[in-house]
Amino acid sequence: MSQLQRETRVADGSLSLVQAKHRKQSRIKQVWKRIRKNRPALVGLAILCIFLFFTVFAHLIADYDTMAIRHDTAHRLEPPSRQHIFGTDEFGRDIFARTIHGGRVSLSVGLISTFVAVLLGGVVGLAAGYYGGRFDGIVMRIIDVLMGIPVILVAISIAAALGPGVTNLLIAITIAQIPRFVIITRSMILTTVGQEYVEAARAYGSRDAHILFRHVLPNAMGQIVVQATMNVSSMILATAALSFLGMGVQPPAPEWGSMLSDGREFMRYSMHVVLYPGLAISFASLALNMLGDGLRDALDPRQG
Amino acid sequence: MTKLLTVRDLYVQYETDGLVTRAVNGVNLYLNKGETLGLVGETGAGKTTTALSIMRLLPGNGKIVSGEIEVEGQDTLSLPEASMRLLRGEKMSMIFQDPMTSLNPILTVGDQIAEVVRLHRDFGEQRVQQRVDEILGLVGIQPQRKTEYPHQFSGGMKQRVVIAIALACEPELLIADEPTTALDVTIQAQILSMMNRLKRDMQTSMVLITHDLGVVVRMCDRVAIMYAGEIVESGLTEDLFAGSAHHPYTTGLFGSIPNLSVSTDRLNPIDGLMPDPTDLPTGCRFHPRCPQAMEVCQRLAPSDWASNTHTIKCHLFPGAEKREWSA
Numbered sequence: 001m002s003q004l005q006r007e008t009r010v011a012d013g014s015l016s017l018v019q020a021k022h023r024k025q026s027r028i029k030q031v032w033k034r035i036r037k038n039r040p041a042l043v044g045l046a047i048l049c050i051f052l053f054f055t056v057f058a059h060l061i062a063d064y065d066t067m068a069i070r071h072d073t074a075h076r077l078e079p080p081s082r083q084h085i086f087g088t089d090e091f092g093r094d095i096f097a098r099t100i101h102g103g104r105v106s107l108s109v110g111l112i113s114t115f116v117a118v119l120l121g122g123v124v125g126l127a128a129g130y131y132g133g134r135f136d137g138i139v140m141r142i143i144d145v146l147m148g149i150p151v152i153l154v155a156i157s158i159a160a161a162l163g164p165g166v167t168n169l170l171i172a173i174t175i176a177q178i179p180r181f182v183i184i185t186r187s188m189i190l191t192t193v194g195q196e197y198v199e200a201a202r203a204y205g206s207r208d209a210h211i212l213f214r215h216v217l218p219n220a221m222g223q224i225v226v227q228a229t230m231n232v233s234s235m236i237l238a239t240a241a242l243s244f245l246g247m248g249v250q251p252p253a254p255e256w257g258s259m260l261s262d263g264r265e266f267m268r269y270s271m272h273v274v275l276y277p278g279l280a281i282s283f284a285s286l287a288l289n290m291l292g293d294g295l296r297d298a299l300d301p302r303q304g
Numbered sequence: 001m002t003k004l005l006t007v008r009d010l011y012v013q014y015e016t017d018g019l020v021t022r023a024v025n026g027v028n029l030y031l032n033k034g035e036t037l038g039l040v041g042e043t044g045a046g047k048t049t050t051a052l053s054i055m056r057l058l059p060g061n062g063k064i065v066s067g068e069i070e071v072e073g074q075d076t077l078s079l080p081e082a083s084m085r086l087l088r089g090e091k092m093s094m095i096f097q098d099p100m101t102s103l104n105p106i107l108t109v110g111d112q113i114a115e116v117v118r119l120h121r122d123f124g125e126q127r128v129q130q131r132v133d134e135i136l137g138l139v140g141i142q143p144q145r146k147t148e149y150p151h152q153f154s155g156g157m158k159q160r161v162v163i164a165i166a167l168a169c170e171p172e173l174l175i176a177d178e179p180t181t182a183l184d185v186t187i188q189a190q191i192l193s194m195m196n197r198l199k200r201d202m203q204t205s206m207v208l209i210t211h212d213l214g215v216v217v218r219m220c221d222r223v224a225i226m227y228a229g230e231i232v233e234s235g236l237t238e239d240l241f242a243g244s245a246h247h248p249y250t251t252g253l254f255g256s257i258p259n260l261s262v263s264t265d266r267l268n269p270i271d272g273l274m275p276d277p278t279d280l281p282t283g284c285r286f287h288p289r290c291p292q293a294m295e296v297c298q299r300l301a302p303s304d305w306a307s308n309t310h311t312i313k314c315h316l317f318p319g320a321e322k323r324e325w326s327a
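Residue numbers (my numbering), protein chains in the order written: chain P, 1 to 304; chain U, 1 to 327.
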């Protein structure tokens, strides 16, 4: 290769990189532009950001040791006041502090478990759907059996076997939801692989991996993303349920579900004890659902 | 003229749940450089299966049982998959029937054309984009529209994009599987004349699969008529449209086209249906529907009768062959 040729080649190469980067950026920009036009999705995103802000900076807003877990029997079950904006619980702990610190567990378990489950379930579902055959058969029979057992029951048995604790809770909830994502991914892959554009891509000489990552996955992605975001909210509920049953976070550590469970005795005369953690769960779920819906529309170029 | 594509004694079958569907049964055909060959037949005659076999893109349950396929003298059936992939898009391309579904909805059309170029040409991004603009211009789409998504195009425009993808690397062989069936008649005419022009400019040879005899007469140099996985008659387009001797099936096909100069109340379809490919009749595949069937047709499969460029697979003709030879 002559000097000149090499130079043009390098120039071309860097140019292609720049353009590829530009393309990627513009796609994200495009999705963002569509999200911005979608009011419910924006509201969902805003609520989620507020939650994230409070949970990420929880230790700066309210000290964990003095406010969230230290008993203060002189101020038991106080209604919301300037001092305690969400009131206090049966041990005089500040409910606002407990809610934002509890959000750390609830939100991160929900998000991380779903993320891992999408990854693991996705890979299995992808392989099963794209290659099919005997592997698909075996995997799907196992999944069928697992799907016969309710998610919460699977999570309870795993959590019970592993013993209480946040890590075990996370593992239990992750494993429990993998089958769902295997099924979702597999079915999305199956519908996409059957499309004529996949055959067309093969007809102009694309490799399997290329077809998978450029044509099949992006088209299947929309549905998977929606399912995943909606799933986060049900996993927050599952975390709450497990903690409620005493298998998740151990006292005195706060968690939305265990706060509900502990507060239910006092609910009749001190509603605020369960009201705020309950609202936190509802709003987090609602926000994620709205965002998920908006994302699905934004990922589909046919929607304006 | 040199032969670009030769298919010899091709047998293809699909297996589903132990049931064997014999889709292609001994097809012989060839394509000279620069020529257009029309592959005509009813739905289920094995046209698409033949095309997919040439591309080696049969679905998982399809199998080439025997036969040879040569592209430019090279036996493609023995090539490893990796080398075959290099040929697809580069040396041979295929246009699918439905432009609505053969484009990826979430990639811009420019991206989809660029993809083929990137796969087969060692171009820098600038030259890739140049090529995209160029090929879009050739198929009559403004290059500015390359950033648009398939849903922003009409059916006819989409088929132009599909053709642009197929022709982006100037393949030697283009297989068009009913490229205009999904389009309305005026658009059909535009697309066909554009394909003709591009084919001539790029010196591409084409196998055109269709069931529209009007398309055949406009586009094709030679024609092969398929029935139940066999080529029952083949020859130059003039042989088929102006020749005197025909396979009874061909006669039936032409008979079923309404004639402009004669008024009729009803069309004249061929009686009966295409035989079940899992249970083909013995002897000549066409004999249950053939108005001129003889006793021998039920027992023996006919062999080819040939006169110059014209070949017919029918028991009516061995005698005719002798007569012609003596004449």
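To be clear, the hints were calculated from the coordinates, so they are not data collected in a lab.
Treat the numbers as computed from the prediction; the structure is a model and nothing was measured.
Where is the CB? At the ideal position from N, CA and C, for every residue including glycine.
Careful, some of the hints might be misleading.
To be verified - Restricting the straight-line Cα-Cα distance to at most 25 Å, the calculated cross-link-like pairs of lysine to any residue (SDA-like) are: (1) U:K63 - P:C49; (2) P:K29 - U:K91; (3) P:K33 - U:K3; (4) P:K29 - P:C49; (5) U:K3 - U:L236; (6) P:K33 - U:Y149; (7) U:K91 - U:E238; (8) U:K63 - P:D293; (9) P:K29 - P:D293; (10) U:K63 - P:F135; (11) P:K29 - U:D111; (12) U:K33 - U:A306; (13) U:K91 - P:H210; (14) U:K91 - P:I211.
Unchecked claim - Sample of chain P residues with no beta-carbon within 10 Å of chain U, all distances over it, derived: (15) R36; (16) P79; (17) I112; (18) F135; (19) L146; (20) P164; (21) I175; (22) L190; (23) E196; (24) R202; (25) L299.
Hints and how they fare:
1. For the suggested pair K63 of chain U and C49 of chain P, the alpha carbons sit about 56 Å apart, so the restraint of at most 25 Å is broken.
2. Restraint check for K29 of chain P and K91 of chain U: not satisfied, since their Cα atoms lie roughly 38 Å apart, outside the 25 Å limit.
3. Of the pairs offered as hints, the one joining K33 of chain P and K3 of chain U is violated, with about 54 Å between alpha carbons and a cut-off of 25 Å exceeded.
4. For the given pair, K29 of chain P sits about 19 Å from C49 of chain P by alpha-carbon distance, which is consistent with the 25 Å threshold.
5. Proximity of K3 of chain U to L236 of chain U is assessed by CA-CA distance (about 15 Å); at most 25 Å being required, the pair is judged to hold.
6. As the CA atoms of K33 of chain P and Y149 of chain U are separated by approximately 16 Å, the hinted pair is consistent with the 25 Å bound.
7. For a cut-off of 25 Å, the pair hint linking K91 of chain U to E238 of chain U is broken: about 29 Å separates their Cα positions.
8. A C-alpha spacing of about 44 Å is found between K63 of chain U and D293 of chain P, which places the hinted pair above 25 Å, so the restraint is violated.
9. Distance restraint check for K29 of chain P and D293 of chain P: the Cα-Cα separation of roughly 18 Å lies within the 25 Å cut-off, and the hinted pair is therefore satisfied.
10. Under the criterion of a C-alpha separation no larger than 25 Å, the hint pairing K63 of chain U with F135 of chain P is consistent with the structure, at around 21 Å.
11. Under the criterion of a C-alpha separation no larger than 25 Å, the hint pairing K29 of chain P with D111 of chain U is consistent with the structure, at around 17 Å.
12. A C-alpha spacing of about 22 Å is found between K33 of chain U and A306 of chain U, which places the hinted pair at or below 25 Å, so the restraint holds.
13. A C-alpha spacing of about 20 Å is found between K91 of chain U and H210 of chain P, which places the hinted pair at or below 25 Å, so the restraint holds.
14. Between K91 of chain U and I211 of chain P the alpha-carbon distance is near 20 Å, which keeps this suggested pair within the 25 Å criterion.
15. With 10 Å as the threshold on Cβ separation, the claim that R36 of chain P sits away from chain U holds: the shortest Cβ distance comes to roughly 19 Å.
16. With 10 Å as the threshold on Cβ separation, the claim that P79 of chain P sits away from chain U holds: the shortest Cβ distance comes to roughly 53 Å.
17. Every beta carbon of chain U lies more than 10 Å from that of I112 of chain P, the smallest distance being close to 28 Å; the non-interface claim holds.
18. The claim that F135 of chain P lies off the interface holds: its Cβ sits roughly 13 Å from the closest Cβ of chain U, which is beyond the 10 Å cut-off.
19. Under the 10 Å C-beta cut-off, the non-interface status given to L146 of chain P relative to chain U holds; the minimum distance is some 27 Å.
20. Separation of P164 of chain P from chain U is adequate, the least Cβ-Cβ distance of about 45 Å exceeding the 10 Å criterion.
21. Every CB of chain U lies more than 10 Å from the CB of I175 of chain P, the least distance being 32 Å, so the non-interface label holds.
22. Distance to chain U confirms L190 of chain P as a non-interface residue, since its nearest Cβ pair spans about 13 Å, more than 10 Å.
23. The beta carbon of E196 of chain P sits about 4 Å from the closest Cβ of chain U, which is not more than 10 Å, so the claim that it is off the interface is violated.
24. For R202 of chain P, the shortest C-beta to C-beta distance to chain U comes to about 6 Å, within the 10 Å cut-off, and the non-interface label is violated.
25. Remark: the non-interface label on L299 of chain P conflicts with the geometry, its nearest Cβ contact in chain U lying 8 Å away (cut-off 10 Å).
Violation of the numbered hints given earlier is confined to hints 1, 2, 3, 7, 8, 23, 24 and 25; the remaining hints are satisfied by the structure.
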